[in-house]
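Protein chains in written order, with numbering that gives the first Met the number 0: chain A, 0 to 344; chain B, 0 to 344; chain C, 0 to 344; chain D, 0 to 344.
I should point out that these hints are in silico values taken from the structure, not numbers from a laboratory. Hints are not guaranteed to be accurate.
Any copy, or any two copies together, can satisfy a pair, since identical chains are not distinguished.
Unchecked claim - Dumping the calculated DSS-like pairs for lysine-lysine here, alpha-carbon to alpha-carbon at most 27 Å:
1. K274 <-> K20
2. K305 <-> K161
3. K274 <-> K191
4. K219 <-> K161
5. K191 <-> K305
6. K161 <-> K20
7. K305 <-> K219
8. K305 <-> K20
9. K161 <-> K274
10. K20 <-> K191
11. K274 <-> K305
12. K274 <-> K219
13. K20 <-> K219
4 protein chains.
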Amino acid sequence: MFFASDNAGPVHPQIMDALAKANNGHAMPYGADTIMDEVRTQIREVFEAPAAAVYLVATGTAANALSLATLADPWQTVFCSPVAHIHEDECSAPEFYTGGAKLTLVPGGDKMTPDALAASISGEGTRGVHGPQRGPVSITQVTERGGVYTVAEIEALCDAAKSFDVPVHLDGARFANALVALECSPAEMTWKAGVDAVSFGATKNGAMGVEAVVLFDADKAWEFELRRKRGAHLFSKHRYLSAQMQGYLADDLWLASARKANDAARALSTGLAAKGAEFMHPTEANMIFCAFPRSVHQRLHDAGAKYYVWSGSLEGDDPEEMLGARLVCDWSVTEADIATFLSHF
Amino acid sequence: MFFASDNAGPVHPQIMDALAKANNGHAMPYGADTIMDEVRTQIREVFEAPAAAVYLVATGTAANALSLATLADPWQTVFCSPVAHIHEDECSAPEFYTGGAKLTLVPGGDKMTPDALAASISGEGTRGVHGPQRGPVSITQVTERGGVYTVAEIEALCDAAKSFDVPVHLDGARFANALVALECSPAEMTWKAGVDAVSFGATKNGAMGVEAVVLFDADKAWEFELRRKRGAHLFSKHRYLSAQMQGYLADDLWLASARKANDAARALSTGLAAKGAEFMHPTEANMIFCAFPRSVHQRLHDAGAKYYVWSGSLEGDDPEEMLGARLVCDWSVTEADIATFLSHF
Amino acid sequence: MFFASDNAGPVHPQIMDALAKANNGHAMPYGADTIMDEVRTQIREVFEAPAAAVYLVATGTAANALSLATLADPWQTVFCSPVAHIHEDECSAPEFYTGGAKLTLVPGGDKMTPDALAASISGEGTRGVHGPQRGPVSITQVTERGGVYTVAEIEALCDAAKSFDVPVHLDGARFANALVALECSPAEMTWKAGVDAVSFGATKNGAMGVEAVVLFDADKAWEFELRRKRGAHLFSKHRYLSAQMQGYLADDLWLASARKANDAARALSTGLAAKGAEFMHPTEANMIFCAFPRSVHQRLHDAGAKYYVWSGSLEGDDPEEMLGARLVCDWSVTEADIATFLSHF
Amino acid sequence: MFFASDNAGPVHPQIMDALAKANNGHAMPYGADTIMDEVRTQIREVFEAPAAAVYLVATGTAANALSLATLADPWQTVFCSPVAHIHEDECSAPEFYTGGAKLTLVPGGDKMTPDALAASISGEGTRGVHGPQRGPVSITQVTERGGVYTVAEIEALCDAAKSFDVPVHLDGARFANALVALECSPAEMTWKAGVDAVSFGATKNGAMGVEAVVLFDADKAWEFELRRKRGAHLFSKHRYLSAQMQGYLADDLWLASARKANDAARALSTGLAAKGAEFMHPTEANMIFCAFPRSVHQRLHDAGAKYYVWSGSLEGDDPEEMLGARLVCDWSVTEADIATFLSHF
């Protein structure tokens, strides 16, 4: 009953196997391994982007911060949701990597709307040299509240960005979960919609620690490489990043794992709804935000369930008070886990 | 015949096993895994430093840059060898992480001498607010030319540093190789000699990608944690860093692996000397710097041997011209590899 | 009829005289001039703070950014009004100088309230290592909309800050204008209320280009000096900064000039009110925000009046539409200027 | 008898007059003053560079650091003399402004030679992504030891730089002193020789605090403006920077003042030589480096002479020991000052 985060799940056996298979003799370091050549080709095919620059790093924060630093000048501001991971959960890594760029929080909720985004961009960059300049937009897909932007929504955000001539980054820490929810192609969810750079996450979806950065315009590829090295994110034994990604992509494991996670979340949501839980956000991918009584929380915690109490506090007198929960399903969650969890209601 | 670098060798099976064993169900992320608790205790025991702060990162550059950023203010200068890895091979990661501190290159060769170090420190910090201020000393052990500072030499360097009240960092990317060469204890090679912070490398010695940072004075532990997160070096699935280190330390694998690498280098050196190679640096750990004729280089390259031609160029007319080679042995080098290599002379 | 900004007014003759008087022979550079000794003493007396560290720089942005960099770690966030100068008008200088600290915009209007501030501080620093840490509060006094925090309001903001153990900076680009509006002492408006560091502006109030930074706790004085030098804000011919400040303080010129500016703004406001202008913000110091018909704006512009059209646009068909104006009075504005301006209504 | 530095001399009356003349009513702030328009035109004419971007800042360090930050990426290294002001006397401002670029010290003495420069550039940028990349060359003219690069020498350095496709910055804190020593045109000493950006100093040569940055290629003009603002170096009351530069350039005051300073240095050198002083560096502009007996130093100090004892220490027993002196003449040094100084020998 571990629903605290998909970053706490195990590595998929197929990825462990890829690591074991890669562990054979010597390999050229720093990304010159032959597995990386295959992975680069695979990712370009996955994205239908034969000229894209493709790099691997080990953390989602590195993928985001390095991408944004490559897209944003230090005197620019990055537009994002007020609850974006890059704003709330990276200890200002984007500010560090960009050399002090701002983040402008687009008013509204979890999801940015094109109008709010356009208004935010419009509001910056109007003070000449005095204010920050307009910089990239960063879209979190899946959002931090479990929502999934539709392709049309991404297109509309990109259109808003392009009308101000600023690039678009997509933080795809849960890229696969969004993709299978939308049943679209990676190209449709990214460059065809107007996205310029993607953090293509694998860690949360069954890898050990690997994320790809895909730059559809390879003009800044060398700059990215220098930033990665300088940020201490270029692995010497790079083949083990490559192998993870190889195992992740092989036989569409990444899609199957994301479907399992999303299906688990859907099943758990259905069960929770049947038990009377109240949903704060719809369950669109593998994250659930809902409320149920304190007494149930207490039983779950006593039984060892792991998840975040998202609003309110376990401590309190009223057993009927509704407290919010965030529940995240990774690829390894089983029907039995879900049934056990629901049995405590 | 792969002698290009110890960062190109395979992961030791015992470490792969530790990873496999760790890959069981869910684990708390971001360093809160229980394996990390064990690893912390183990490293404290290894260093006889029960109060030390211990952190894991995945690259040696991260270990060095984060350590130096924690020890140095942006307006200070870091004292190191002119050929130190932190100066030549990290694309200015220390400058990036410190916020623009300088590196002062202590005149001389590969190894710093206490007198040259004292003179360098003395020469900085004399211009009041106008010049950079005196900052930490960074000692590379094993050095970049394969040398090993004796404990007495480290003590003398630390004494020089302490006489100016600046801290000492030890870049131990090849910590174990130095340690077994010296046959001393980790404590003797570090804090007992006056070292304040250590990059305790494992990657080059059989791990997949893990290095510990050990801060003997834990006062700046929280600052280090913030810098690590902000630098995007805090792993969500941290247990796989912990497991690597666990496997590395178990049953003194780290010492056995380093001995194997050093022994291989000694055997190869002996063979090379017998073949008439001229040594530019003595072989003190697992790195060899020697010269032999171009014709031999050419035969080796034709046979697929991998190593750096360190001085001169393979291209050239004179088959007798002596060209330098850098040869590095990792734990996996076999007697057969050595014999094959030498057979081309 | 120049009301565009108080940074566009002339230098007061008394300050020009002080510069001329200082221009005699040689003087020790970099702040070692004897005038600085007098100025330091004077400012300590003005603030009743005999142990304060006192430094001069030439721009308000330098005073703010250096103060904040001294108070804030790079992983912290600075709390300020959404319309604070440090956020909107310094091209991210605070982000640059702090090494990438965030600015958290306290919800509400121009003036922060203690409750909103406390809620903002409370909302940050709750995510452990993942989010930015709580850093200093920066109060803009006079506010960007011409408001003046009362001493009690400053105390309440400082109390909120202190309850979270974070320091308080006061951006006093218009320090004197606020002070004379409040009729309190500099100590009352600053350290007695809980302020730790002040940007004590003089440029907008008749100097050529000089601002003092006053650190009531001198512990970080040396760090400030290094940051100032490194930021390229330590003047070699420092005596001309000192002389400006000397002239500014002599015979309470600074208070008299601020009174003149505030009086002019009051007189102009009274006249505007009599003409039917609608006030967006009360006129509490030397800044006026009010609306009047487009036709009047057009007459004023035709007559050469300089000020910002703050809302709406001069271009438009409806002569009766109310457009906002920002009007700022500096010490040199005359009764005749005001009368001429009003004559166009 | 003030020979400590030319940054300690008074402002020339013509510049004070220009300031007084500019102090009339209101002026548009932030560089939009009409005097700046004239100054821009004048400097373009002085440099025969009608398309150059021209900006004013108040300190030489700002001019240098902002220029270098505009020319250098953070992962590059700047090539300069080991005794360059940007290395020794700016508290790492270039490192701060560039975001952590390195400075590579070209081996040799005060003056870089083309061969040493080419060797230095050649030695960097050879390690792919691992080492710092080749960045701009910075030439200090007048050098820190009082030398003046000939036009041919500058050309040769620029040729070396251009052969590696890196730009050239000239730190002209004493630009005028070098120019009149060479009797060449500003264009000949800069862009005609291959220089891309100039810090055109005025402060040391009679201004109060103003330096121009001249970018012969205006492509990065807007970036420079943003960096200047963000560095807090954009003056609101900019007209007083403009006026200084206007007064400085009017009627070739700048050339006359530099000639006076150089002539004074020559006269003092001649006198010193006649008294038996031993010269460490030839006197080519307005700086003198020579040695004379301790007893003379002591008499001079007792008489109130100000200059740096450059080598050795006033404290010591041997009255005949030769101690080095650095003596700098600014425009205001008189024949009487020189005669008085020499009278103590």
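Checklist entry - Of the numbered hints stated previously, which ones are contradicted by the structure, given in increasing order? => result 1, 2, 3, 5, 6, 7, 9, 10, 12, 13
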